[in-house]
Structures are given as structure tokens and as C-alpha cells.
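Top to bottom, those sequences are chains A and B.
If you use this note's numbering, the first sequence corresponds to residues 1 to 114, in order.
If you use this note's numbering, the second sequence corresponds to residues 1 to 110, in order.
Hints in this document: simulated from the structure, not taken from any laboratory.
Model, not experiment: these values are computed from the prediction.
We treat Cβ as the ideally placed atom computed from N, Cα and C, and that holds for glycine.
Accuracy of the hints is not assured; some may be wrong.
[What the hints assert, rightly or not] Here are the simulated PhoX-like pairs of lysine-lysine, each with C-alpha atoms no more than 20 Å apart in a straight line: (1) A:11 / B:2; (2) B:2 / B:109; (3) B:2 / B:42; (4) B:109 / B:79; (5) B:109 / A:57; (6) A:57 / A:71.
[Said to hold, decoys possible] Here are the in silico distance ranges between beta carbons for each label pair: (7) B:20 / A:40: 36 to 46 Å; (8) B:76 / A:81: 49 to 59 Å; (9) A:2 / B:81: 21 to 31 Å; (10) A:2 / B:56: 45 to 55 Å.
Below are the chains, spelled out letter by letter.
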Amino acid sequence: DTGVSQDPRHKITKRGQNVTFRCDPISEHNRLYWYRQTLGQGPEFLTYFQNEAQLEKSRLLSDRFSAERPKGSFSTLEIQRTEQGDSAMYLCASRSGFNSQSQYFGPGTRLLVL
Amino acid sequence: RKEVEQDPGPFNVPEGATVAFNCTYSNSASQSFFWYRQDCRKEPKLLMSVYSSGNEDGRFTAQLNRASQYISLLIRDSKLSDSATYLCVVKTNAGNMLTFGGGTRLMVKP
């Protein structure tokens, strides 16, 4: 399967704990995006990388959230001191930089904060 | 007001029916438009891009009205497998993110 992969697929944690999610984009895609989706809503943009550079961050991305893409391939999203309001599906997407605006999504990581 | 607005539905239609979804967007700088499909508890998948002249892909037809900032999706001859949430998506050329509507839920019944 050469699509976007995410790990873990599900995570249950207690409030106050730190969690880290991983995204592996489609191999030739240099652009990577993180979104968050809550029940009944469309995905909301969190942050964007072009290669290893984080070029855009949403105001939704509080200081408890940090994302990295150290070698321009996989990316990690860390949430520190989780809160119940962080419970959501975290989606990663990637796209090629060549004449395509289409983003392809991974299966997501479903986070539940108790 | 949300940047991309959709009727959440659900739209309940019989197999074989024609159904249309509408979407409005508020940012006049939006330049790229898409419809994504999302099955329950799955990731969004690109259904089709929407071009200014309108475009068709099999049973699916998308239309864009830039003056009214309005996008539509028409599904003909609905199949049971079309049951899903349809997300209207816009993008400005200045930004890199996609802005999603809340989705319209379609249920096709036998």
C-alpha cells in the first residue's frame, strides 16, 4: 500500500498525559498537512510542511501542540498535557508539489482523552 | 459564519434517484474547489475537483458559480454505495490549507 499511513490508529490516554502521532506521507509527496476532525464537523487545518520546513500553523495549534518533519519524510504531532477537548480524529494528508492541489489523506489517529 | 457552509442533511433518497448538494463559500479569494467523500469513521477521499466550466465524472457532475460563490454536486442514478458524507472543500492560492464544510450526509435506501 503506497498511500498515507498513520500510527497509531487509536489512542486512549488520561488527561494530562503527552501523546505523539506519526504520519508517513506518499513517498514522492513533499507537502504534508495535519488536520483535526471532531464528530459531525469537517476537518480543520492545523499545520503544513513543505519538505522539512513548517510553513503554516493554524491558531488552533496551541502551545501544547508541536509538529515536526525532521528529514522531510515522516512527520510527528505531539500533544502535551492532553485535555478532554483534544479528543478528535487527527488526520494527515500529503500532496505532490507538481501541478496538483489534491491532498490525499491517511486513515487518521482517533484520540480519546479521559 | 463558517467559511464553507453546507446543509448537513441527512438526505434520504431511494436507489436510482438524482440528488443535488449545494455549498457556499465566503472567501472570494478561493481558487481551487473540490468534493471529498467520507465514509463513517474513515478518512476523506477526493471525489472530484471542480472546474469553472463545470465537470462530470460518470454519474457525478460538479458546478461552480464564482459570482455567487456557490458549488454544487449532482449524483445521478444513486447507488447504495453512494451513502456517505460529502464534504465541500475550497482552497485559496495564497494559503496551503484546505477549508472544509461540515459535510452533507447522504443515505441511499433500497
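Going down the list of hints, with the structure as the test:
no., hint, result
1, A:11 / B:2, "30 Å, violated"
2, B:2 / B:109, "31 Å, violated"
3, B:2 / B:42, "23 Å, violated"
4, B:109 / B:79, "8 Å, holds"
5, B:109 / A:57, "42 Å, violated"
6, A:57 / A:71, "19 Å, holds"
7, B:20 / A:40: 36 to 46 Å, "22 Å, violated"
8, B:76 / A:81: 49 to 59 Å, "50 Å, holds"
9, A:2 / B:81: 21 to 31 Å, "24 Å, holds"
10, A:2 / B:56: 45 to 55 Å, "28 Å, violated"
The structure is inconsistent with the numbered hints 1, 2, 3, 5, 7 and 10, although it conforms to all the rest.
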